[in-house]
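Dock chain A against chain F, hints included.
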Amino acid sequence: MGQLVVETTELTKRYNGFTAVNSLNLKIEEGEMFGFLGANGAGKTTTLLMLLGLTEPTSGTVRVCGMDPTRDARDVKRQVGYLPERVGFYEDLTARQNLQFTANLNHMRRTEAEEKIDAVLGTVGLARVKDQNVGTFSKGMKQRLGIADILVKEPRLAFLDEPTTGIDPNGIDDILKLISGMGKRGITVIFCSHILPQVQRLCSRVGIMSKGNLVADGAIDRLGREVVAAGKFRIEAELEGVGPDVIAAVRGVKGVHEVDAIESTLIIAAESDLRGQISRAIIESGALLLGMKVEEYDLETIFKRYSSEA
Amino acid sequence: MYAIFRKELADHLSSRRFLILFSLVLLSAVFAIYIAIQTIRGAVSPTSEFIFLKVFTTSGETLPSFLFFLSLFIPIVAIALGFDAINNERSTGNLSRLVSQPIYRDSVINAKFLAGLAVLGIMIVGVVAIVAGLGIRIVGVPPNGEEVVRLLAFVFISIVYAGFWLALAVLFSVLFRRTATSMLASLAVWIVFFFFVAVIAGAIADIAAPIDAGATFEQFTRNASIHGNLSRISPATLYGEATTGLLSPEVGTLNPAQFVMSSYAGRMANPLPLQDSLLLVWPQMVTIIALSAVCFAASYIRFMREEIRSF
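Quick mapping for you: the protein sequence lines, in order, are chains F and A.
Number 310 marks the last residue of the first sequence (the numbering used here); no jumps.
Number 1311 marks the last residue of the second sequence (the numbering used here); no jumps.
Please note: incorrect hints may appear among the correct ones.
[What the hints assert, rightly or not] Restricting the straight-line Cα-Cα distance to at most 25 Å, the calculated cross-link-like pairs of lysine to any residue (SDA-like) are: (1) A:K1007 <-> F:N133; (2) F:K116 <-> A:S1028; (3) F:K130 <-> A:T1092; (4) A:K1007 <-> F:Q97; (5) A:K1007 <-> F:E115; (6) F:K177 <-> F:D221; (7) F:K211 <-> A:I1308; (8) F:K130 <-> A:S1015; (9) F:K211 <-> A:E1306; (10) A:K1007 <-> F:Q79; (11) A:K1007 <-> F:V134; (12) F:K116 <-> A:S1015; (13) F:K139 <-> A:T1179; (14) A:K1007 <-> A:D1106; (15) F:K130 <-> A:L1013; (16) F:K116 <-> A:A1003; (17) F:K211 <-> A:E1307; (18) A:K1007 <-> F:R74; (19) A:K1007 <-> F:Y90; (20) F:K116 <-> A:N1094; (21) A:K1007 <-> F:D92; (22) A:K1007 <-> F:A73; (23) A:K1007 <-> F:K211; (24) F:K139 <-> A:G1093; (25) F:K116 <-> A:K1007; (26) F:K139 <-> A:L1098; (27) F:K211 <-> A:R1309; (28) A:K1007 <-> F:Q132; (29) F:K139 <-> A:T1092; (30) F:K139 <-> A:N1088; (31) F:K211 <-> F:E10; (32) A:K1007 <-> F:G135; (33) F:K139 <-> A:I1308.
Because the hints were derived from the structure by calculation, they are not lab data.
Chain F extracted, bound-state conformation (with noise of 0.2 Å):
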């Protein structure tokens, strides 16, 4: 068990009334990848304020590398990059300008800094272009200028929040796997987003945001077994042929719950991977076994039943 970089504890936001965050207990570790899903208006930038020391919270405590962000809004800001949603530049600026501005921001010494500016822009692909004005930018490389601009401080967390919004495919593309080289580098990564493959592809822990509650928080394939299929494996075997004597054999095996047969196809709900017990059975019971596999929850399945649920 690695450090914990993010800690909240019963931590509430409310607005003239409106609940945005509720009782959030949160725990991120050192060098997690977090998918941070939710619908829009769920509470999940609002929470980032809060971590970011940028809004106070109604109740409830945080804890940004074992700092409150409130009191130490210095201190949390110097280890944190974020990225916000609609992130801007200085449009008259260059790309290398604009970094040197964060760079002085973070009390970084010049030469440091513009070795340190070659080195995160070649990163990001936008090398070729450091010394145009970030007028001429697309929407794009902005976005990965953003990166960039969080790369430059060397912080231990980064918060994005929904990086990829209205990029092209191509874009997405380059964003994600700088998104995943940040995790490499050993940075913690708290990524927001309401798009799910793109969650999926790179986290291995998500937690879902619906109506200001924390409803889930744990591995994705966890989280699908607990939600679609209340906790059991669904496995599908393929046969030539479904009689009732294959049924009741697979039925016979240790730890399986229920068969279904559609068409050719048996549905059956275990306790664990039993496929290898169930093939022998299968096959022993003199039937012709085509196909199985193991049903994969993916994260669409489980975020609609965790926002329909909330």
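Quick look at chain A alone, frame taken from chain F:
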């Protein structure tokens, strides 16, 4: 804070907005000085003191004085530099990025205000220096020590006055999300203070203390007193009074009633000594400083308490 200050200063000085306004101010200053010198040459009385200061305050038949131009342009330039200070950062999405850097949040607004004030200071000092230089060159009368001190006090009060309008514009840029709204709001306040307050004060004074054909001396002074005191709601009036007191030593009083009295009596006061002039404009100076402080404090508090979202 220094990093933001330096960037803002560079932005202002290279912005087209500032270059246009600065050229305009410069042009009007040169015109005003030309007219003033023509007028002074035509009507030089050998006894008059403070000829050098007259360069700043004399108006011609068609063009007003340099002082008038400056009191007109200071608010405009200050508003132009401040009206989009915060809300433009917000609408371009820079503000979220800025406040997530390891700086104190107030350094954003402090640096922006100070950078604007520095630019205004450079402009005022520059224009006054140019006018003074031309005055010495053309009139041929160098300023004496007292005139220099009066001029320095005038520059100081002008910068403070500029600070008031800048603080007001910054306040609107914090209060309003859209830059167009904050600009219109600043300009509206300027128009009210500059044009309407005196007119409305006059109307109220005429209702409260009407002057008819057979008005007595008391009625005149009462009317003038109400008019003058109501006009002082406007910082433009205060600035006008302060600069008049500083640059026209022969003005012995800023009290409207006494002013009427002295002109009624047909008496022209001797020029006030420097110390007395400073005492005379002291209340005006303090009020302008206080108004600037109030405006800036309001925008500071509002900005510090605000939640900054990127949308």
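Each hint tested on the structure:
1. Of the pairs offered as hints, the one joining K1007 (chain A) and N133 (chain F) holds, with about 16 Å between alpha carbons and a cut-off of 25 Å not exceeded.
2. For the hint pairing K116 (chain F) with S1028 (chain A), the CA-to-CA distance comes to about 49 Å; that exceeds 25 Å, so the pair is violated.
3. Taken as a hint, the K130 (chain F) and T1092 (chain A) pair is honoured in the structure, with Cα atoms around 20 Å apart against an allowance of 25 Å.
4. Among the hinted pairs, K1007 (chain A) with Q97 (chain F) is consistent with the structure: their alpha-carbon atoms are about 10 Å apart, no more than 25 Å.
5. Taking the CA atoms of K1007 (chain A) and E115 (chain F), the gap is near 21 Å; set against the 25 Å cutoff, the hint holds.
6. Between K177 (chain F) and D221 (chain F), the direct Cα distance comes to roughly 22 Å. Compliance with the 25 Å bound is thereby established for this hinted pair.
7. Of the supplied pair hints, the one linking K211 (chain F) and I1308 (chain A) holds, its CA atoms being roughly 21 Å apart against a limit of 25 Å.
8. Only pairs whose Cα atoms come within 25 Å are accepted, and K130 (chain F) paired with S1015 (chain A) is accepted, the gap being roughly 22 Å.
9. With a C-alpha separation of about 23 Å, the suggested pairing of K211 (chain F) with E1306 (chain A) holds against the 25 Å cut-off.
10. Of the pairs offered as hints, the one joining K1007 (chain A) and Q79 (chain F) holds, with about 24 Å between alpha carbons and a cut-off of 25 Å not exceeded.
11. With a CA separation close to 16 Å, the supplied pair K1007 (chain A) and V134 (chain F) stays within the 25 Å bound.
12. Of the pairs offered as hints, the one joining K116 (chain F) and S1015 (chain A) is violated, with about 29 Å between alpha carbons and a cut-off of 25 Å exceeded.
13. Pair hint K139 (chain F) plus T1179 (chain A) holds up; C-alpha atoms about 23 Å apart against a cutoff of 25 Å.
14. At roughly 16 Å between alpha-carbon atoms, K1007 (chain A) and D1106 (chain A) fall within 25 Å of each other, so this suggested pair holds.
15. A hinted pair counts as satisfied when its Cα atoms are at most 25 Å apart, and K130 (chain F) with L1013 (chain A) qualifies at roughly 24 Å.
16. Restraint check for K116 (chain F) and A1003 (chain A): satisfied, since their Cα atoms lie roughly 18 Å apart, inside the 25 Å limit.
17. Of the pairs offered as hints, the one joining K211 (chain F) and E1307 (chain A) holds, with about 20 Å between alpha carbons and a cut-off of 25 Å not exceeded.
18. Note on K1007 (chain A) and R74 (chain F): the hinted pairing holds, with a Cα-Cα distance of about 21 Å set against a maximum of 25 Å.
19. A threshold of 25 Å between alpha carbons decides the hint, and for K1007 (chain A) with Y90 (chain F) the separation of about 11 Å falls inside it, so the pair holds.
20. Between K116 (chain F) and N1094 (chain A) the alpha-carbon distance is near 21 Å, which keeps this suggested pair within the 25 Å criterion.
21. Taking the CA atoms of K1007 (chain A) and D92 (chain F), the gap is about 12 Å. The hint holds against a cut of 25 Å.
22. A threshold of 25 Å between alpha carbons decides the hint, and for K1007 (chain A) with A73 (chain F) the separation of about 23 Å falls inside it, so the pair holds.
23. The hinted pair formed by K1007 (chain A) and K211 (chain F) fails the criterion: a straight-line CA distance of about 41 Å is larger than 25 Å.
24. Distance restraint check for K139 (chain F) and G1093 (chain A): the Cα-Cα separation of roughly 13 Å lies within the 25 Å cut-off, and the hinted pair is therefore satisfied.
25. Between the alpha carbons of K116 (chain F) and K1007 (chain A) the distance comes to roughly 21 Å, so the proposed pair stays at or under 25 Å and holds.
26. For the hint pairing K139 (chain F) with L1098 (chain A), the CA-to-CA distance comes to about 19 Å; that is within 25 Å, so the pair holds.
27. Between K211 (chain F) and R1309 (chain A), the direct Cα distance comes to roughly 19 Å. Compliance with the 25 Å bound is thereby established for this hinted pair.
28. Between the alpha carbons of K1007 (chain A) and Q132 (chain F) the distance comes to roughly 18 Å, so the proposed pair stays at or under 25 Å and holds.
29. The suggested pairing of K139 (chain F) with T1092 (chain A) holds, with an alpha-carbon distance near 13 Å, which does not exceed 25 Å.
30. The hinted pair formed by K139 (chain F) and N1088 (chain A) meets the criterion: a straight-line CA distance of about 19 Å does not exceed 25 Å.
31. Taking the CA atoms of K211 (chain F) and E10 (chain F), the gap is about 15 Å. The hint holds against a cut of 25 Å.
32. Pair hint K1007 (chain A) plus G135 (chain F) holds up; C-alpha atoms about 17 Å apart against a cutoff of 25 Å.
33. At most 25 Å may separate the alpha-carbon atoms for a hinted pair to count; K139 (chain F) and I1308 (chain A) meet this at roughly 22 Å.
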